[in-house]
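A.B. asks: Fit chain B to the given chain A structure using the hints.
Residue numbers (UniProt numbering), protein chains in the order written: chain A, 1 to 408; chain B, 1 to 408.
No wet-lab data here; the hints were simulated from the structure. Nothing here was measured: the structure is a model prediction, and the numbers come from that model. The C-beta atom is built at its ideal place from N, Cα and C for all residues, glycine as well. Relax, there's no trap hidden among the hints.
To give an idea of the chain B side of the interface with chain A (calculated C-beta under 8 Å), a few residues:
| no. | residue |
| --- | --- |
| 1 | Thr-94 |
| 2 | Ala-315 |
| 3 | Gly-324 |
| 4 | Val-327 |
Examples of chain B residues lying across from chain A (beta carbon under 10 Å, computed):
| no. | residue |
| --- | --- |
| 5 | Leu-311 |
| 6 | Gly-318 |
| 7 | Glu-319 |
| 8 | Arg-325 |
| 9 | Ala-335 |
| 10 | Asp-338 |
| 11 | Arg-339 |
| 12 | Asn-354 |
| 13 | Asp-394 |
| 14 | Ala-404 |
No more than 20 Å apart at the CA atoms, straight line, and that leaves these computed lysine to aspartate or glutamate pairs for EDC-like:
| no. | chain 1 | residue 1 | chain 2 | residue 2 |
| --- | --- | --- | --- | --- |
| 15 | A | Lys-371 | A | Asp-348 |
| 16 | B | Lys-371 | A | Asp-401 |
| 17 | A | Lys-371 | B | Asp-401 |
| 18 | A | Lys-225 | A | Asp-296 |
| 19 | A | Lys-225 | A | Asp-380 |
There are 2 protein chains.
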Amino acid sequence: MAKITVRSPLAPAGFPDLPLVRGVRFASAAAGVRYSGRTDVMLAVLDAGTSVAGVFTRSATRSAPVLDCQSKLGGVCSDSAAILVNSGNSNAFTGHFGQTSVQEITNAVARITNVPVGRVFTASTGVIGEPLPHDKIIRKLTELNDALDLGGIEDAARAIMTTDTFAKGSGATLDIDGQPVTIAGIAKGSGMIAPDMATMLVYIFTDAHVAQDRLQLLLSELTDKTFNCITVDSDTSTSDSLMLCATGASGVDATDHSEFRQALGNVMLDLAHQVVRDGEGASKFVEIRITGAASDADAKIHGMAIANSPLVKTAIAGEDPNWGRVVMAIGKSGAAADRDRLSIRFGDVLVAENGWVSPDYREEAAAAHMKGQDLSISVDLGLSDGQATVWTCDLTHGYIDINADYRS
Amino acid sequence: MAKITVRSPLAPAGFPDLPLVRGVRFASAAAGVRYSGRTDVMLAVLDAGTSVAGVFTRSATRSAPVLDCQSKLGGVCSDSAAILVNSGNSNAFTGHFGQTSVQEITNAVARITNVPVGRVFTASTGVIGEPLPHDKIIRKLTELNDALDLGGIEDAARAIMTTDTFAKGSGATLDIDGQPVTIAGIAKGSGMIAPDMATMLVYIFTDAHVAQDRLQLLLSELTDKTFNCITVDSDTSTSDSLMLCATGASGVDATDHSEFRQALGNVMLDLAHQVVRDGEGASKFVEIRITGAASDADAKIHGMAIANSPLVKTAIAGEDPNWGRVVMAIGKSGAAADRDRLSIRFGDVLVAENGWVSPDYREEAAAAHMKGQDLSISVDLGLSDGQATVWTCDLTHGYIDINADYRS
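One chain only, chain A, in its complex shape (with noise of 0.2 Å):
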């Protein structure tokens, strides 16, 4: 298998500096499940007192690990909590065996960090359908636990990562009645999906208090406009997994607080960006903007339907203001469309409208556009006010290089 180890053109700078988080501290080390020279699991342990709240992929074939957490979330418990995650095998489709090594895992995590079974949530991120070599993982965990640590989450950034070409991280702070809260979050993907690996993996992490139902609804109503708004090839994961937990050590209730969810709303949709700039051959960042559209729903349909299309994905690779695939995307997608109301925009430049090519359109304008790194393609329906925004890359030679060539 060929390595992908060029970093994205789209990677930002470097991993920013993220804010303590006080009640959750993190290790990471090298347990060799199948990469070497590097970190590949991490422990994370919340004090007690933390709500835990997640959201997982709904695919029908979803990984053991997956079930487990799914079947351990919900319910009201504040005990202690403990998240470890391994890269390099996603321990999906391995039938009975993988759930056996979920019970090893999370029984071994259970007694050494002291931490309820029933509160210990694992993932696992790589090659799917070989059987997970639990042994390795569980012979790191006193090493794990003696490294915990306040300050670790970057190398934990760091130890979950596949074929991602940078480390992804967001944090914020705010001051909540005048007291500090920080959150800190962390994501692994580049793509859906990558070379025979799976998975895009989020841990956010705050020191306010938010109680636990609350904190399950904030985090499914944000994941709708963020998350759930990208899309590298349109491949769902086995293993998608997003955790946000709250470990109130703050001392500070933020259940139900508007800045605060707007703060961690712009931590989740900085981080599914940081996934997107890092899609799998990716050169071209696309924010697609909907509005006019019959609803909301209707609105995210067609955003989806043109971030999905490969015509126009591969016409963004070509710098190609191609207005035209944009129309039969909206046009296939099968929510309302009215073809004459239609207008389109590729940045601020007006493309399309009144059911044809807009009389002052100058391709040249389109095209100087296109030449960008950071994208926008608009669309108004011209039917009501739904509106949606979903983010997506271009489809390019490197996509065909990650996923159809690297036997050779």
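C.D. replies: Coordinates of chain B only, in the frame set by chain A:
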């Protein structure tokens, strides 16, 4: 724009020897709509007594010719009929000008061929969003009418090509009650859509008589098992049109005749396969068979999820028996699946069963199958008796070349 002129490696040896269909005559000409040095318009005139049926793209942004054809079909009518098709310009997303072009052309065809304008059908394929120079087409109508010939179908197939790398035809002759009945069809399409061009067009003719309402029903049913079961890139054209004309000139009534249905279905499947074999950049033809699904509809959803997955298609291009990606596609499809009841075969090689890789699986065996040009992937869901078969091609650098790089 780079011209893609290399014949697809999956193309048949040559254009088939099609039987003559009494009651329909063809002509083609070079009108210079966009291309030079080749024919780009074809006319077919059908004798009185012909039943005409059609199915069209469901795109919400469908072209003016499609809307015109849809308004004319239905109801019982057996006047003479005409079909006029041009390549080079799709007359799609051309506002009110598009409707005017259709009216001008259909009125002129009616006048020159002496066919009622309500029975003149048109289609246009090529660039989107540019006004159709209908005068160029109208100027050729007398020449076309004078050249009408029973044997002109192969030239007609060539006149409607855009970026197709080969002309597509299929036919059958059968005996019904001791009488010969013929079927001949032509198609164009090279992907659901080609560089700046749209459209799959299919025209099928038979000299059998079939009552109008039964013909439409037959066409719709057979389309669901043939053309609606192929995909090149998941993108739907704004102009897809399929018309079936039964002239009745054989004097044989084939209404509800099972052998006729079988023969017609074979012709349609052959043409559909030829479209996939001319898929943009295709190097592999792939049959995907789904069995054991909860319903036939679910089976088709699973089949299309596999056939449209960029990760499955790039794996096929890389000759990689990547069954993990097949599991992923089944999981994301939204149709019912149970991870632990799935079985997957590449060719005859059992790859996965009981939620994991098959104990007897040797990757060399599956890898050997993947080196072929005609591949099959079979999935049994193990749930009930729903089944479907769909066809696709791989996703290669050629697709990116055609759709992203053609401005270079």
